[in-house]
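Residue numbers (the numbering used here), protein chains in the order written: chain A, 1 to 291; chain B, 1001 to 1413.
I should point out that these hints are in silico values taken from the structure, not numbers from a laboratory. Hints are not guaranteed to be accurate.
What the hints assert, rightly or not - Derived DEER-like restraints, expressed as beta-carbon distance ranges:
no., chain 1, residue 1, chain 2, residue 2, range
1, B, Asp1157, A, Gly89, 21 to 29 Å
2, B, Asp1371, A, Cys270, 51 to 59 Å
3, A, Gly89, B, Ser1163, 29 to 37 Å
All of these numbers come straight from a predicted model, not from anything done at the bench. Where a beta carbon is used, it is the ideal one built from N, C-alpha and C, also for glycine.
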Amino acid sequence: MAVLVDKNTRVICQGITGKQGTFFTEQALSGGTQMVGGVRPGKGGKKHLGLPVFDSMDEAVSRTGADASVIFVPRAQAATAIHEAIDAGIGLIVCVTERIPVLDMVGVKRALENSSSRLIGPNSPGIITPGECCIGIMPQEIFQRGKIGILSRTGTLTYEAVAQTTAHDLGQSTCIGVGADPVHGLSFADCLELFMRDPETEGVVLIGEIGGSEEEDAADYVRTSKPAKPIVAYVAGRFAPPGRRMGHAGAIVQHGTGAADEKLEVLASCGIHIADSPINIGSTMAKALSR
Amino acid sequence: MHIHEYQAKQIFKSIGIPVLAGGVASSADDAAEVARKLDAGRWVVKAQIHAGGRFLGKFENARTDQGGVRVAKSVDEVREAAQEMLHRVLVTPQTGPTGRVVHRVYVEQYAGDLQRELYLAMLIDRQTSRLAIIASAAGGEKVESVSPDLILKLPLDIPQGISQDGLARIVDQLSLDGEQAGVLDRILRAMFDFFTSKDASLIEINPLAVDVGQNVVALDATITLDDNALFRHADMEKLRDPSELQVGELEAAQHGLNYIKLDGNIGCLTSGAGLSLATLDAIKLIGGEPANFLDVPPVAEVERVRQAFKLVLSDPGVDSVLVNVFGGGIMRCDTIADALIMVNRDSRVETPLVVRLAGTNANFAKRRLQDMGPALTFADNLADAADKAVRSARKRETAVRRKWWERVMGSQR
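Sequences are here, hints too, so could you generate the full structure?
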C-alpha cells in the first residue's frame, strides 16, 4: 500500500521529447516505473526511448490505458497541457513545470473542480513511492522504503527530510511535493487525509515555507479530524525579509501574512510536533513515534 | 514585479480610473516645472520607491523629520521638498533598515480636505485560488487596524467579472450614493479588464477618496504584475526599474539566479529555494548572520554556478561561505565542484568555505575538491555545516579586527 501511486500506476509523459522529459523518463524507467508512452503534438506515431509517442492526450490515454501523467511542457503551454490531461479524464496529473502565469492556474483550478482528476504541482518535484513508482524529478537513490509520509512545498528541502528520516531508519512510504507556486493542485490538507488512510504510513512530515495559508489550512484539518498518527512540521523562512519573494513564486510574506512564526504557532496549537530547525526534522519524528 | 506609483497612475488615467493631475520629476528643477504647469494652489510631493509607508518614513541624514510624502504651498516649497528627497535614502517601515534611494518624485495636485477615505483592491486569493475584490469603508492608514468583519471579500470568476449583485454589495459596503456607484462600477470594470489582460497580481487603491465635492478619486495607486507572465507582456516589462534592485541582484537576475542581499557576513550558496531558506534558518538559529539568500536553480552548466560563486565571493562583507547542495535530478554535485575549481583557478579563494555536498555524485565531487587548499572545509550534514560556517566567520571577523587594531596601534608608536 502507499498513497496515490504504486507499481500498477501507468504513466504518460507530456513533453517526452524535450531535454527534461527525456532525462526524467529515462530515470523513471531505470527505477521500474511503468512509463507507457509520451505526448508531443506533431510527433505522433514515432517512438522515443522505446515508448510510443502520441499527438494528443486523448489518444495516449485511450491507446495505453494510462492513469497518470507527468508534465514537462514549457510554461507558456503548460496550462494548456494540464487542461488537455483533465479533458482526457486522467486520474493523476503531476506538473513539474515552474513559473506558469498565476492566472493560467486560476483557470486550471476551475477546470479541476468539475473533473475526476487530481493535480500535483505545478512547480513540483513530483511524487514517489520508493521502489514502485517515481513521477517527476526526485532522485530515487536517496529514498528508502519505510513508514513516513513526506509532504512538502519545496524540492531540495524534501530531500533533506528524506535523508534525515533515512538516517533515523524510518524510511518513507510516499513523498509528495505539492508545489511551490501560489495556486496549485492538491493541498497539504488533501494529502494529509490520504496519508491518514494509508496503513503503511505511521507518521507524516510536513515541510512548509513562508507565504500563503497552506499550513494554516492543514492545521484546520488536524483540529477537526484529530488524526491518530503523529505529524511533524518544519516551516522554512523564519528569518526571510518580509515583502521579498524568496526563490519560489509562493514564498513571500505579504500584507503582513504568511510569516513562518505565525504558521508554527498555529501548527503547534493543534498538537503538531514542531521541528524548530531544519536539522531536527528526523529526530523530532523519531521522538514523536516513540511516545 | 512592482511598479512605481507614477507608472500605476499613468495606467489608471489611460483606463479611466479617476486620478488627480500630476507629473514625475527626477530633479528639483523639473519638480518645480511640473508644479508650475499643474495650476494648483497646493501640491503633494511623493517619493517614488517600491515600498509603502512613505509618509511615516524618514530620510537618512536629513535636516527635518519629514517623510516621503509632503504638502507644498508654493512652487518653491515643491522644489525644496524634491531637493530634500532626491538621491537620498528613505527608510520606511516596509523598506527594512537599509532603505531605498529616491530617484524620482511625483508632484500632484493637492486633494484638499477629504470627506472619506476608502480601500479598494483586486488580487489573487491564494486560499480559494480565485480572483477577489477587497473593499473597506475605512481606508488610508487606518486600513491595517480595521476589524476583518468590516472588510468585504468578494470572489470573482473569469471571464464573467463583477455581477450586478456583487457591485451592489460593494456599493453598500462603501456607503456610496447613486452617482458614485456609477463611478465605482467603471473603476471596477477597468481594474478587472487590466488585471486579466495584463496578468496583474495586485491592484490596490488606498485611499480611494471621496472629496468635499463628493467626487471619487484614486489618491494612491499600487500595481504588482505577475513575474511569471511578463514574458507575454512586453509593454509591462518596460516598466521595470532596475535601480530598485540592490547591488548584485541585477547581475544575479541576468544569470538566472535567485539572489537577495541580506545584512550579515556569512555568504550562502544553495541549490533550491526551500533548502536555501532552511540554510538561512540553520545559520540564524545558532547565532550567525547570513549575508545573502542565493538559490542556484538546478542546472547542468558549470558557468552559471561559477557566476553564483563569484557573486557571493565578491561581497566585501562576507567572512565565510556556506555551500549547501543536495544533488538530485539535473543538479549534480560535481558541477558545483568544477565551478569552484574554476573560480579558485581564476583567483585564489581566501575566504573560508564550508562545503556540504549530498546526493548525486557527492563523493566524486569531494574527491575533486581535495586540492583546493586550506580555505575549504567539508561538512557532513546541514547541522555541521551551519556550525562550521558560523565559527569560521567569527574567527575571520576577529582576525580582521585584530589586524586593524594592531595597525592602528602600530602607527601610534
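Evaluation of the provided hints:
1. Checking the proposed 21 to 29 Å range against Asp1157 of chain B and Gly89 of chain A shows it holds: the Cβ atoms sit about 24 Å from each other.
2. Between Asp1371 of chain B and Cys270 of chain A the beta carbon distance is about 52 Å. The supplied range of 51 to 59 Å therefore holds.
3. Look at Gly89 of chain A against Ser1163 of chain B: about 32 Å separates their beta carbons, and that is inside 29 to 37 Å.
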